[in-house]
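Each of the two chains sits in its own frame; use the hints to bring them together as a complex.
The residues making up each chain are set out below.
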Amino acid sequence: MSPRNRLAAAGARATTRAMLRDQPRGDVIRNAAFAGLLLLAVLIALAGLFALIVQAFAKGSSALSPDLLTNPPSTAFPDKAGFRPAIGGSLELIAGVILFVVPVGIGAALYLEEYANEERWWNRLIEVNIQNLAAVPSIIYGILGLAFVVRGPLDLGFILAAGSMTLALLVLPMVIIAAREAIRAVPDSIRQGSLALGATRWQTIRRQVLPASIPGIATGVILAVSRALGETAPLLLVGATVFVTFDPTPFGADGYSALPVQIFNYAVRPQEEFQALAAAGIIVMLAVLLAMNSFAIWLRNRYEQRW
Amino acid sequence: MLEAQSARYGEKAIEGLLAVCAILSVLTTTGIVLSLIGPTIGFFEVVPIGDFLFGSDWTPQFEPPGFGVLAIVVGTLSVTLWGMLFAIPVGLGAAIYLSEYARPRVRRTVKPVLEILAGIPTVAIGFFAVSFILPEVIQPLWPGEFLGGAEGRPFMALAAGLGIGLMIVPIIASISEDAMSAVPRGLREGAYALGATRAKVAVRVVFPAALSGIAASIVLAISRAIGETMIVVLAAGSTPNATFNPVEAIQAMTAYIATTATGDISTGSLDYKSVFAVGTVLFLMTLAMNVLSIRLVRRYREVYE
Chain A
1 MSPRNRLAAA GARATTRAML RDQPRGDVIR NAAFAGLLLL AVLIALAGLF
51 ALIVQAFAKG SSALSPDLLT NPPSTAFPDK AGFRPAIGGS LELIAGVILF
101 VVPVGIGAAL YLEEYANEER WWNRLIEVNI QNLAAVPSII YGILGLAFVV
151 RGPLDLGFIL AAGSMTLALL VLPMVIIAAR EAIRAVPDSI RQGSLALGAT
201 RWQTIRRQVL PASIPGIATG VILAVSRALG ETAPLLLVGA TVFVTFDPTP
251 FGADGYSALP VQIFNYAVRP QEEFQALAAA GIIVMLAVLL AMNSFAIWLR
301 NRYEQRW
Chain B
1 MLEAQSARYG EKAIEGLLAV CAILSVLTTT GIVLSLIGPT IGFFEVVPIG
51 DFLFGSDWTP QFEPPGFGVL AIVVGTLSVT LWGMLFAIPV GLGAAIYLSE
101 YARPRVRRTV KPVLEILAGI PTVAIGFFAV SFILPEVIQP LWPGEFLGGA
151 EGRPFMALAA GLGIGLMIVP IIASISEDAM SAVPRGLREG AYALGATRAK
201 VAVRVVFPAA LSGIAASIVL AISRAIGETM IVVLAAGSTP NATFNPVEAI
251 QAMTAYIATT ATGDISTGSL DYKSVFAVGT VLFLMTLAMN VLSIRLVRRY
301 REVYE
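Keeping their order, the protein sequence lines are chains A and B.
Counting from 1, one number per residue, gives the positions in the first sequence under this note's numbering.
Counting from 1, one number per residue, gives the positions in the second sequence under this note's numbering.
The set of hints was computed from the structure by calculation and includes no laboratory data.
Computed from a predicted structure; not experimentally measured.
Beta carbons are placed, not taken as given, at the ideal position from N, Cα and C, and that holds for glycine.
What you were told as hints is all true, and nothing was included just to trick you.
Here are the simulated distance ranges between beta carbons:
hint, chain 1, residue 1, chain 2, residue 2, range
1, A, 58, B, 46, 48 to 54 Å
2, A, 67, B, 270, 43 to 49 Å
3, B, 270, A, 157, 20 to 26 Å
Within a straight-line C-alpha distance of at most 20 Å, the following computed SDA-like cross-link-like pairs (lysine to any residue) qualify:
hint, chain 1, residue 1, chain 2, residue 2
4, B, 12, A, 195
5, B, 111, A, 37
6, B, 111, A, 43
7, A, 80, A, 273
8, A, 80, A, 64
9, B, 12, A, 117
10, B, 12, A, 210
11, B, 200, B, 188
12, B, 200, B, 186
13, B, 111, B, 174
14, B, 12, A, 120
15, B, 12, A, 107
16, B, 12, A, 201
17, B, 200, B, 189
18, B, 200, B, 103
19, B, 200, B, 89
20, B, 111, A, 39
21, A, 80, A, 245
22, B, 200, A, 30
23, B, 12, A, 118
24, B, 200, A, 35
25, B, 111, A, 298
26, B, 111, B, 178
27, B, 200, A, 25
28, B, 12, A, 122
29, B, 12, A, 194
30, A, 80, A, 268
31, B, 111, A, 300
32, B, 200, A, 24
33, B, 200, A, 29
Looking at chain B on its own, in the form it has when it is part of the complex (with noise of 0.2 Å):
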């Protein structure tokens, strides 16, 4: 066996410090936990847990205050469902076609342009949701006094929702586009041997083999959706407000935080503490969607790759 003639600390010291790196990812999130974990029980014993959970006034500002933050956890999942209702079908349509459809020329060009809608900031998606879609297109479209009408709402679930869904067709796309195209070109060339059309072989051959590729790609959506602070401010509007109603104004657990931590928010107050306790609901429902989602990439990593 070769020795090497020095002990070589340098090399030693060098992976060390490399290594810090690394663990500096961990200390992020142990820093994200610890910073939750402090103030959201100083909140939990002044508001009963119970009531935090089961209830559904959010009136922080009231005397007394009601801390219920079902209405603000209604208020995000509202907008996350409008916008899974636009994403989804607008989002895998593409990635079908992309994968399935599209000449590499198409192929080669409308990719780059659909990352480019992934990295618009999301305060302009919300200027879009709020002085776009929300009078040019929902209001003009709204059947009438459809759930309370649409007219002369300054803010609206829906918009938000829209704008969310705008912002996360391109997670979508993407990562369902992946998924299909990791699928082996054998299963595709026996289904078309077999006389299947192509339809027939995008939704019966492809999408299935795809799957779990492709529901992951969903669950990071919804994760983002939930996340998403900008857009909600803008669109969505401050009312806490337990409702699914597509034309009410909510207010979602992100604009809570955002619009509450803001200035000169006092450090030891009830307001400053349930700001860490939503925060640690939404970190909690972030990380369970992020979680399942890393597990199915990695079942589709190991059928395909």
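So here's chain A without its partners, still in its complex pose (with noise of 0.2 Å):
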């Protein structure tokens, strides 16, 4: 650098500290203010969060055994009583829920990403469709399985299918929504690399796309797959009794449990002992969602492609 240029430089430095220091004395002060009270409303935030898992922490260590996986649900004992038929149920659920959401919801992504022509209406109409059903209420899907599952067209009664079936429809948007960005990240060279080698449509898709997408996919299913396991008002309405002391099994006419409705059922009686319980089940549940939720966020990072 010349003199000439060093200088100049430290000219303007000084010019630019001069005019900061002079900035208004209000200012200064509004803007250290401004600041405070956003990291308030960040710290409020963890804070809430933190709270939570500490009062579950301190209400339910009492109740926190091996027990709590093995042994049924109980009104007499509640020192013996656990959540084994719920965790079983829940693990059914969910498998059910994987079954129809990862095909369909794969399928319909692939269909609005790579076939589907924008401009026309239908097409535009499924996808505003998709947009409003990730927000209905998930007690709605509760009315939709209890008149169209439970009852209605389908009648299967309040069996373990229904339920997970219930679910699947609820999580079946968010699949397709994290199926579809992660589709669109694949850049259209590759696909036209492959079209322009003779490949058809679907050797494309099935070659090149799919394989380039699967962690962005598998990420999306994960975490809508959580959302399923903590699930509880549909399942309400569409017959997850609360008192199931036996392992559910997929049609069972007897009824099946999930790992939150028997929280909840814990959580309504004002005892001591059951608060507890339903304080230990949430920890079990959070910890589920917690490695779920970490493996997602893992596989994104690890496998992210960068084009």
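Dropping the structure here:
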């Protein structure tokens, strides 16, 4: 740098500093106060999350034991009561959700991204419809399940498979939206290269687009499944009865339960022992969800491709 | 032109199959509408629609029963109001902080933590609201006998409202932050060059430029708050009560549905049909919010992306 330039830079720096120093005092104070308020907002949100977790441990640690996972629920002996049929029910519900949501969700996303012509009104309708479905209250899906799956056209009765279908319809829009984003992120040059080599449209999708977008799709599926795992309200309407002391089967007519429903049932009982059981169940559920979400984030960071 | 050597029926079949998957989502909406309409019409054959929409006595178990839906609509709106009063300042504050003030490292840590909050099942938040927010936060801080006093109440609209607020903070924060991050750098730099402080840039430049996205996040959050079930079932009580008093117990629409439609409710009964009538009101309210929010999001996408 020549001496002249150095002099000019020093002068500019000094002028800027002087201007900043001479900022009106009110501005400086207001700026600091504003930043403080914003930080406070972040801290309140984080404190809420922190308090929720700490409170679950404070209330539930006395009930935390391996029995919690292996014993059936009981109203007579709260110290021996557990979540076994509820956990089994949740696992079976989730298995059904995955079986339905993975093929249908990816299929719908592929159609909308790879085939659909956005100029056509019916494709735009499908798109707005999916966005709206993602925000329909979960209890409305419970009503749908009650009127269409449990009774009405499908008439399956209050069985676990009906609950599974209801949850699957509930999280399907989430899967479609996530899968579309993952598919959209695959650059067009990959498709054009494949088509130019003579591959058909489906061969291009099957061999190029899908493998490249699998990590994003898997992340979306895991997040959707964790939502289904924590969902309580629709299950209340489609027959997840709260007291099931045996391990449920997918089509058994004797009823089924799910982890969040069992937590709910303990939570509405005022006695200290049941409150502890509810809190312990929440700890188990949060641990599973945290593990799933961490895995999804890890998956996204590990396999995400930058094109 | 190149011609395909075969008609490629397989390709067409696959396209058809994928289209069926997409159409299934439309069928879901159709299913929802159809399952709501039938029993709702049946309900209005017994209960006059005027009594339902404008009455405020919700006493289905009395003889004769009262089906004035305003009682539980007001309950829902009360909880939503208290939730939004908490979530809008906290959510927007967090969004502005993350988008305009936080260093990249802070942002990379805080955002996933907020996402965890968004993933917490609402039954856990409801339990937290009734066993912590109500006895440990509201009751000690409540000013004496103001509005009837907070002591000794097992359920309260405000407790459920704060629980719902906690649930929707991440929705507002994350969508608003996206909208603010999409505002082009040039706008900020222009304002800085004219001598604006950080606070002024955030409030007078970035905030207005991202307004439609911010509004979309708030509308979506209202829709979620109206439709939330477990928090209101656990924390707000089951007393239909057309009041906005935050310390009163109320019943929300979702809570009525969840507590009435369980177990062995018989299919043709008036109670059964009333669940669908309330469901229709709930569906229409959230539908209006969702459509508005989708439009707002589209508008800000068009401007900056």
